[in-house]
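> Order-wise, the sequence lines are chains X and S.
Take the first sequence: its letter number 341 is residue 341 in my numbering, and every next letter is one higher.
Take the second sequence: its letter number 131 is residue 131 in my numbering, and every next letter is one higher.
None of these hints come from the bench; they were simulated from the model.
Some hints could be false.
Unchecked claim - When the alpha-carbon atoms are kept at most 20 Å apart in a straight line, the in silico SDA-like pairs for lysine to any residue are as follows:
{"#": "1", "chain 1": "S", "residue 1": "K211", "chain 2": "X", "residue 2": "K315"}
{"#": "2", "chain 1": "S", "residue 1": "K14", "chain 2": "S", "residue 2": "S297"}
{"#": "3", "chain 1": "X", "residue 1": "K315", "chain 2": "X", "residue 2": "D291"}
{"#": "4", "chain 1": "S", "residue 1": "K211", "chain 2": "X", "residue 2": "V271"}
{"#": "5", "chain 1": "S", "residue 1": "K211", "chain 2": "X", "residue 2": "P279"}
{"#": "6", "chain 1": "S", "residue 1": "K265", "chain 2": "X", "residue 2": "N208"}
{"#": "7", "chain 1": "S", "residue 1": "K211", "chain 2": "X", "residue 2": "D291"}
{"#": "8", "chain 1": "S", "residue 1": "K265", "chain 2": "X", "residue 2": "K27"}
{"#": "9", "chain 1": "S", "residue 1": "K14", "chain 2": "S", "residue 2": "G287"}
{"#": "10", "chain 1": "S", "residue 1": "K211", "chain 2": "X", "residue 2": "N208"}
{"#": "11", "chain 1": "S", "residue 1": "K14", "chain 2": "S", "residue 2": "I67"}
{"#": "12", "chain 1": "X", "residue 1": "K27", "chain 2": "S", "residue 2": "E167"}
{"#": "13", "chain 1": "S", "residue 1": "K142", "chain 2": "S", "residue 2": "P157"}
{"#": "14", "chain 1": "X", "residue 1": "K27", "chain 2": "S", "residue 2": "P292"}
{"#": "15", "chain 1": "S", "residue 1": "K211", "chain 2": "X", "residue 2": "K80"}
{"#": "16", "chain 1": "S", "residue 1": "K211", "chain 2": "X", "residue 2": "D275"}
{"#": "17", "chain 1": "S", "residue 1": "K14", "chain 2": "S", "residue 2": "K211"}
{"#": "18", "chain 1": "S", "residue 1": "K265", "chain 2": "S", "residue 2": "Q294"}
{"#": "19", "chain 1": "X", "residue 1": "K80", "chain 2": "X", "residue 2": "S59"}
{"#": "20", "chain 1": "S", "residue 1": "K211", "chain 2": "X", "residue 2": "F23"}
{"#": "21", "chain 1": "S", "residue 1": "K14", "chain 2": "S", "residue 2": "G37"}
{"#": "22", "chain 1": "S", "residue 1": "K211", "chain 2": "X", "residue 2": "S97"}
{"#": "23", "chain 1": "S", "residue 1": "K211", "chain 2": "X", "residue 2": "K27"}
{"#": "24", "chain 1": "S", "residue 1": "K265", "chain 2": "X", "residue 2": "P276"}
{"#": "25", "chain 1": "S", "residue 1": "K265", "chain 2": "X", "residue 2": "D291"}
{"#": "26", "chain 1": "S", "residue 1": "K211", "chain 2": "X", "residue 2": "G287"}
Listed below, chain by chain, are the residues.
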Amino acid sequence: MNPPLSASSPDTVLQVHDLRMHFPIQKGVLRRTTGWIKAVDGVDLTLARGQTLGLVGESGCGKTTTSRCILGGYPITGGKVLFRDPEVGWVDIAQASREELAAVRRNAQIILQNPYGSLNPRMTVLDIVGEPLLINGIRGRSREERVAELLSLVGLRPEYMSRYPHAFSGGQRQRIGIARALALQPCLVICDEPVSALDVSIQAQILNLLDDLQRQFGLAYLFVAHQLNVVSHICDHVAVMYVGKVMESAPTRQLYANPRHPYTEALLSSVPWPDPRLPENEIVLEGEVADAANPPAGCLFHPRCSYAVEECRWKEPELQVMPDGHAVRCHRASELDLTGVIGQAGR
Amino acid sequence: MHDSSTLLIIHNLKIHFQVRQGTVQAVDGISLSVMQGQTLAIVGESGCGKSVTAQSILRILPRAGRIESGQILLAADSSSSAEWLDIASLDPQSREMRHIRGGDIGMVFQEPMSTFSPVYTVGYQIEEAARLHRTEEGRNSKELVLEMLVHVGFAHPERTWAQFPHELSGGMLQRAMIAMALIGLPRLLIADEPTTALDVTTEAQILRLMKRLQREFGMSIVFITHDLGVVARMAEQVAVMYLGCIVEQGDVDSIFHRPRHPYLKALLRSVPRLDADAETVLEPITGLVPDPLQRPSGCPFHPRCPDFMPDTCDRWEPQLMPLEPSPGQTRAACHLYP
Numbered sequence: 001m002n003p004p005l006s007a008s009s010p011d012t013v014l015q016v017h018d019l020r021m022h023f024p025i026q027k028g029v030l031r032r033t034t035g036w037i038k039a040v041d042g043v044d045l046t047l048a049r050g051q052t053l054g055l056v057g058e059s060g061c062g063k064t065t066t067s068r069c070i071l072g073g074y075p076i077t078g079g080k081v082l083f084r085d086p087e088v089g090w091v092d093i094a095q096a097s098r099e100e101l102a103a104v105r106r107n108a109q110i111i112l113q114n115p116y117g118s119l120n121p122r123m124t125v126l127d128i129v130g131e132p133l134l135i136n137g138i139r140g141r142s143r144e145e146r147v148a149e150l151l152s153l154v155g156l157r158p159e160y161m162s163r164y165p166h167a168f169s170g171g172q173r174q175r176i177g178i179a180r181a182l183a184l185q186p187c188l189v190i191c192d193e194p195v196s197a198l199d200v201s202i203q204a205q206i207l208n209l210l211d212d213l214q215r216q217f218g219l220a221y222l223f224v225a226h227q228l229n230v231v232s233h234i235c236d237h238v239a240v241m242y243v244g245k246v247m248e249s250a251p252t253r254q255l256y257a258n259p260r261h262p263y264t265e266a267l268l269s270s271v272p273w274p275d276p277r278l279p280e281n282e283i284v285l286e287g288e289v290a291d292a293a294n295p296p297a298g299c300l301f302h303p304r305c306s307y308a309v310e311e312c313r314w315k316e317p318e319l320q321v322m323p324d325g326h327a328v329r330c331h332r333a334s335e336l337d338l339t340g341v342i343g344q345a346g347r
Numbered sequence: 001m002h003d004s005s006t007l008l009i010i011h012n013l014k015i016h017f018q019v020r021q022g023t024v025q026a027v028d029g030i031s032l033s034v035m036q037g038q039t040l041a042i043v044g045e046s047g048c049g050k051s052v053t054a055q056s057i058l059r060i061l062p063r064a065g066r067i068e069s070g071q072i073l074l075a076a077d078s079s080s081s082a083e084w085l086d087i088a089s090l091d092p093q094s095r096e097m098r099h100i101r102g103g104d105i106g107m108v109f110q111e112p113m114s115t116f117s118p119v120y121t122v123g124y125q126i127e128e129a130a131r132l133h134r135t136e137e138g139r140n141s142k143e144l145v146l147e148m149l150v151h152v153g154f155a156h157p158e159r160t161w162a163q164f165p166h167e168l169s170g171g172m173l174q175r176a177m178i179a180m181a182l183i184g185l186p187r188l189l190i191a192d193e194p195t196t197a198l199d200v201t202t203e204a205q206i207l208r209l210m211k212r213l214q215r216e217f218g219m220s221i222v223f224i225t226h227d228l229g230v231v232a233r234m235a236e237q238v239a240v241m242y243l244g245c246i247v248e249q250g251d252v253d254s255i256f257h258r259p260r261h262p263y264l265k266a267l268l269r270s271v272p273r274l275d276a277d278a279e280t281v282l283e284p285i286t287g288l289v290p291d292p293l294q295r296p297s298g299c300p301f302h303p304r305c306p307d308f309m310p311d312t313c314d315r316w317e318p319q320l321m322p323l324e325p326s327p328g329q330t331r332a333a334c335h336l337y338p
């Protein structure tokens with residue numbers, strides 16, 4: 001039993017504190033370590049029951065690595081991942097015993113991005129959705145009944161239980177993946193880009209389904225995505241990551257309407273709006289995402305930032321929490337007046 | 001429609017795929033035209049036939065696919081005596097077609113990582129295209145490549161020339177692919193989901209680059225995408241496809257601000273918006289895209305359509321008809337609009 005780190009509400013299910021995950025770069029025949037890729041470098045997150053926390057950023061920013069670390073997928077380099085398990089109470093994932101980990105793996109589940117690669121083509125839907133049940137000792141008729149129940153919950157016909165994944169479309173496969181994640185009635189579900197492989201019309205179906213399931217079961221979602229318009233729909237709170245660090249974190253409406261970090265402003269402005277009448281005023285960032293193996297000195301974003309001043313080149317900003325709960329990692333956060341989505345759309 | 005500023009006309013094009021279970025009508029009689037210097041976006045969900053249409057213009061259809069009927073007319077350049085050249089009637093392997101492919105028409109694909117060969121340098125691969133299509137100028141082909149690399153935004157073209165594809169990021173490689181597509185100075189550029197694999201900030205860079213190059217080179221673009229936001233930013237004309245048919249076609253403003261076809265209306269409503277609040281419920285399109293082997297009778301969209309009229313929509317296939325006189329020549333294929 002680990003107590004939570006700081007004062008947390010009784011509904012808190014996940015606390016990530018100063019999470020670091022560094023991967024070694026090995027070179028030569030002796031595989032000597034010549035450097036480190038700081039994939040995740042000091043991430044703090046808190047998630048409560050019934051809430052959705054969005055983790056957004058470009059590819060390589062460490063959002064997927066963060067979610068893997070939370071599920072105990074990597075031996076973390078530093079920091080703490082605390083999960084409140086309904087069976088065994090607070091568990092520190094990095095130091096959990098076998099029994100504790102087994103409980104965590106029942107109660108924290110993941111929905112994966114690729115609905116084609118994440119389902120075994122040789123297993124029937126019954127076997128896929130029923131496998132977690134089997135492992136936890138639910139067999140025979142009661143397993144079939146539970147799978148049927150799960151399938152109708154996600155909007156698939158229970159008769160399809162004996163079919164193989166190839167018989168389903170992308171959207172239907174994603175529903176199978178959701179049924180599998182919900183099989184053991186978890187309290188935390190990590191959604192790793194659950195809709196980015198789907199067509200728009202199907203995307204909306206899956207997002208509405210996730211929303212319904214959350215209301216019904218009080219699930220906590222950690223929603224990892226790169227599509228900012230999807231995130232604005234489903235998340236209560238959003239954390240923006242850049243090269244392994246959280247740059248800004250705030251309630252969704254607040255972050256979208258009044259971003260305080262130049263990177264968030266640029267991200268929001270680059271999303272193409274489905275309206276040809278809007279003026280083209282996206283902020284086109286020059287250059288490339290910084291290299292996590294060789295990050296720039298000072299603020300990680302300064303080489304691409306149009307607001308950068310001398311200080312940004314040598315001094316790394318801390319994540320400062322504003323009185324309204326808006327956290328931002330920028331030296332000039334309080335003086336800049338950045339444009340959010342409402343301003344950009346002119347409505 | 002057939003005035004001098006039209007570059008490409010597709011007339012009643014039908015493409016069939018022979019698969020084990022039968023014949024798939026991937027493209028079922030579409031007609032389009034592309035104006036000189038303009039961008040036509042073909043938008044639709046997966047399986048609607050938009051990529052197949054693009055491939056047929058270059059005659060690079062997969063083996064199972066065949067142009068069943070119809071014409072793809074490319075306006076001849078000044079050197080030719082005939083006015084129009086029917087690409088659909090050419091042999092895909094003929095000298096003439098090989099001259100058009102990469103010469104008159106360039107192409108940018110979705111996955112830059114798998115389009116370049118991993119064993120040759122980026123510069124060598126672009127130069128190959130230059131040697132094939134820029135012969136008459138008598139200039140050093142490497143010089144042409146370096147010039148083009150500067151055009152697409154590489155600060156150190158000499159260095160990029162000698163790099164292998166794995167040494168470049170996705171966005172950089174997409175720029176290199178655009179350089180390769182443009183090295184033959186094409187009159188028409190076909191871009192098949194060129195930014196789908198990229199991050200939003202890189203996507204913004206590439207879209208802006210394509211617009212700038214279009215102005216500089218005066219070429220037309222056929223832009224294939226599923227992203228309505230990208231369509232709004234890039235296109236002058238839009239064709240919306242569903243199950244191999246064009247369901248609505250018009251200028252970009254009427255497509256977004258006066259959509260007529262129920263499919264297009266539903267598609268626009270199902271896009272999550274950045275400014276929506278958490279309480280907004282998305283309106284998805286009910287049901288699934290039908291199996292192409294079992295196309296619905298009548299209008300292909302009728303099983304999912306909110307405005308379905310029994311005995312009409314499931315019996316007669318609607319034709320693409322011009323709507324009331326409008327400057328954009330909007331056309332929709334729906335029984336709601338006589």
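> Now tell me if each hint is right for this structure.
Verification of the hints:
Between S:K211 and X:K315, the direct Cα distance comes to roughly 38 Å. Violation of the 20 Å bound is thereby established for this hinted pair. Distance restraint check for S:K14 and S:S297: the Cα-Cα separation of roughly 17 Å lies within the 20 Å cut-off, and the hinted pair is therefore satisfied. In summary, the hint linking X:K315 to X:D291 is supported, as the alpha carbons are separated by about 18 Å, within the 20 Å threshold. Of the pairs offered as hints, the one joining S:K211 and X:V271 holds, with about 17 Å between alpha carbons and a cut-off of 20 Å not exceeded.
For the hint linking S:K211 to X:P279, the alpha-carbon distance of about 15 Å falls within 20 Å, and the restraint holds. Between the alpha carbons of S:K265 and X:N208 the distance comes to roughly 19 Å, so the proposed pair stays at or under 20 Å and holds. A distance of roughly 29 Å separates the Cα atoms of S:K211 and X:D291; the hinted pair therefore is violated under the 20 Å criterion. Restraint check: the Cα-Cα separation between S:K265 and X:K27 comes to about 55 Å, which exceeds 20 Å; the hinted pair is violated.
This hinted pair does not check out: S:K14 and S:G287 have alpha carbons roughly 26 Å apart, beyond 20 Å. Pair hint S:K211 plus X:N208 does not hold up; C-alpha atoms about 36 Å apart against a cutoff of 20 Å. Simply put, S:K14 and S:I67 have alpha-carbon atoms about 6 Å apart, close enough for the 20 Å limit, and the pair holds. For the hint linking X:K27 to S:E167, the alpha-carbon distance of about 17 Å falls within 20 Å, and the restraint holds.
Straight-line distance between C-alpha atoms of S:K142 and S:P157 comes to about 11 Å, which keeps the hinted pair within the 20 Å bound. A hinted pair counts as satisfied when its Cα atoms are at most 20 Å apart, and X:K27 with S:P292 does not qualify at roughly 51 Å. For the given pair, S:K211 sits about 47 Å from X:K80 by alpha-carbon distance, which is inconsistent with the 20 Å threshold. For a cut-off of 20 Å, the pair hint linking S:K211 to X:D275 stands: about 17 Å separates their Cα positions.
Taking the CA atoms of S:K14 and S:K211, the gap is near 31 Å; set against the 20 Å cutoff, the hint is violated. Between S:K265 and S:Q294 the alpha-carbon distance is near 24 Å, which puts this suggested pair outside the 20 Å criterion. For the given pair, X:K80 sits about 24 Å from X:S59 by alpha-carbon distance, which is inconsistent with the 20 Å threshold. Proximity of S:K211 to X:F23 is assessed by CA-CA distance (about 40 Å); at most 20 Å being required, the pair is judged violated.
A C-alpha spacing of about 26 Å is found between S:K14 and S:G37, which places the hinted pair above 20 Å, so the restraint is violated. About 57 Å separates the Cα atoms of S:K211 and X:S97, which puts this hinted pair outside 20 Å; it is violated. Only pairs whose Cα atoms come within 20 Å are accepted, and S:K211 paired with X:K27 is rejected, the gap being roughly 42 Å. Restraint check for S:K265 and X:P276: satisfied, since their Cα atoms lie roughly 16 Å apart, inside the 20 Å limit.
Restraint check for S:K265 and X:D291: not satisfied, since their Cα atoms lie roughly 42 Å apart, outside the 20 Å limit. Distance hint between S:K211 and X:G287 is fulfilled; the C-alpha atoms sit about 19 Å from each other, no more than 20 Å.
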